[in-house]
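Student: The primary structure of each chain is shown beneath.
Protein chains: 2
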Amino acid sequence: MTTYLATAMPSPEAGTLVEVDFPFGHETTPLAYGVDCEDRLVDRVAEVVPPGLVVVVADRNVAGVANRVRNLLAARGRRSALLTVDATESAKSLATVDELARRALAAGMSRSSSVVSVGGGLVENLAGMLAGLAFRGVPIVHLPTTPVGAFDAVLSRKQAVSLDGVKNALGLFRTPTFVGVDLRWLETVDRTLLMTGLAEMAKNVVAVVPEDAGRFVAAVEGLDADPSGSLMTLLDIGIRAKAPFLAADPDEKGVALVFEYGHTVGHAIETSAVTPRPHGESVGWGMLVAADVARVMTGLNVDAYALHDELLRPLGVVRNAPPDLDVAVVVERALRDNKRGYRPLAEDEVGMVLLADAGRVAGETSVPIVPVPADLVRRCLAQLMEER
Amino acid sequence: MTTYLATAMPSPEAGTLVEVDFPFGHETTPLAYGVDCEDRLVDRVAEVVPPGLVVVVADRNVAGVANRVRNLLAARGRRSALLTVDATESAKSLATVDELARRALAAGMSRSSSVVSVGGGLVENLAGMLAGLAFRGVPIVHLPTTPVGAFDAVLSRKQAVSLDGVKNALGLFRTPTFVGVDLRWLETVDRTLLMTGLAEMAKNVVAVVPEDAGRFVAAVEGLDADPSGSLMTLLDIGIRAKAPFLAADPDEKGVALVFEYGHTVGHAIETSAVTPRPHGESVGWGMLVAADVARVMTGLNVDAYALHDELLRPLGVVRNAPPDLDVAVVVERALRDNKRGYRPLAEDEVGMVLLADAGRVAGETSVPIVPVPADLVRRCLAQLMEER
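Protein chains in written order, with our numbering: chain A, 1 to 388; chain B, 1 to 388.
In isolation and in its complexed conformation, chain A is listed as follows (with noise of 0.2 Å):
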């Protein structure tokens, strides 16, 4: 196991950088952070890619990061290209990587290319899903602009897009050759999406690492009055929750499927609201839901159940305000889910991640995903949206 998790990981000091191998399977990423680092980033940015044209996927809404880091580029020599794109769901399709890809040839990506991703999970997996194709796979680099980037969704090697509302149907695996992070991108995030967003760290909190469900929520309460030092509380917490699953489990299939947690009802939320929400926030009553259930079905303990809520409160994921949904779409969304496939369902079984309790899965740990009727679905989100 390696040493990080022994200990929480240094706070760097402004404009240093610190440096983690993280681990996916054999293998590991170098992570880098800091804080107004943006010039160190870049160096190491400039050391591991190869000596083409850097291509940089980047959120329209973090362009100025982007022009940055391209300027830093050149400054060290090396020519870049700037792609930019909007981070809404009906972008992550194949047709943007596609159009993406046209792009990027006419302003010259070769073989000899690299692709860095400016921005959060959508346009790491746009990026993603470029570098794992062009040219068969050309590197890629992170440079997560929000915290659910930062924390969650870089620390992965599962790249995809989505079709006709499943969820990340098509996809590829990609291990990034580097992820920098400097704290001060992440603190520029819209509060709002900011805090639902971290909604997939309490899932992870919920499902892995009860045992810093405290230190959790001081940090997402800590936010206004100390960002970085809470933001760098955030970042230990994501790697902890989530090194030991990726070293054991690099193309999450098995043990890993944990967090998936939220996700089934999630996704299918996220795509059927009446009034979209983000994917986060999705995923928070998601596990709402998915508690329900457990009450059920594996006598989800009081204390584990209430912890979804404490841990989800101070995200404004309340159980007396979920989004305005019909359920029988939800319940029809969650049938064709992706997870469908890990294990035999029946036409009239939803497959879910379960807890058995604050840190433990219910079921199989090898592969747990749990066939739930989707009667008891149905049930408990009719139950939600009463309480309404």
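No lab work stands behind these hints: they were computed from the structure. If you're wondering where the values come from, they're calculated on a predicted model, not measured in any experiment. There could be a bad hint or two in this list.
[Claimed, not checked] Partial selection, computed: residues in chain B whose CB lies under 10 Å from chain A:
1. A101
2. S112
3. A169
4. G171
5. F173
6. V327
7. V329
8. P344
9. A346
Backbone N, C-alpha and C define an ideal beta-carbon position, used for all residues, glycine too.
Starting from the known structure of chain A, arrange chain B on it as the hints suggest.
Tutor: Just chain B, lined up with the frame of chain A:
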């Protein structure tokens, strides 16, 4: 080294299967062949694929074969869906893969599905891309119905589509789970397409197994009198040529780049000829240009030079009848070829595989891409056109 390289592979009796293990690095893929053996092949397919929907991606022209395969699958209790495609170069795009995925999902494709290709190299690639991306990878089985598909394209993990005239700019690697060939399927291919398609094999003979030149020409000339025997010989030559290279270099980024012989100029001709020519024929022309270049650059001896014509002439690729093409456009395309990046190349250099002798590449064997002045390529192409 696998034993079947020592002697010719056994010719199967009608209705029976012969199965060999084809190596991809440390993995092997079972490759089964026979004559009038559809029933036995589908037995094997049903054994190796997972329990979900079998998505059959078929060339519209061989929908008959695909439907027989589907009926045989149904008789074994396996559900399948048929997606037909037009096997044209313009269909070899990410948009087609997107559309196939959409149709497959609507038909019920899930994580426990598999993809079966029925057709030639182009359909194999589209199906391979679909299998590689669907739920981040489901098994792919190839049932090639063209000689080039069976003897060359299928003996590779590389899958790709083209983008804006750059051949195979987007792709991925996918080791086939099973390859099955009924030699009877191969007899139905249009004779002109078959002959030009065999240029891919002529390339393998001159570049890798020149000792098989006599058997190759005899098999080509015997296709009418003894189709099964001739096709059996060609399959044997195809496997013998590729197996040792794919065992050593499963991603074809090193020694196996030898199979790109003729492809730099060939791809450029294929995508820019005034009257489009098939891939195989274009590769044939690319080989002739590469031989002319090698006469100047590597001192290719006269016998090896002449062997190109001896192997290609029976296929109808004859020096005095090149396609109608604009030399400047072909050179411009060759300069943008996707082999750029294997080697440092100047702006006015084309990356090509060249031979120093029959069966021996010029330059470094480990990455046999040689920088060739664009002007020399231009002169050799112009000379080819003057002989027209």
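Student: With reference to the structure, classify each hint as holding or not holding.
Tutor: So, going through the hints one by one against the coordinates:
no.: 1; hint: A101; result: holds, 6 Å
no.: 2; hint: S112; result: holds, 4 Å
no.: 3; hint: A169; result: holds, 6 Å
no.: 4; hint: G171; result: holds, 4 Å
no.: 5; hint: F173; result: holds, 6 Å
no.: 6; hint: V327; result: violated, 23 Å
no.: 7; hint: V329; result: violated, 17 Å
no.: 8; hint: P344; result: holds, 8 Å
no.: 9; hint: A346; result: violated, 13 Å
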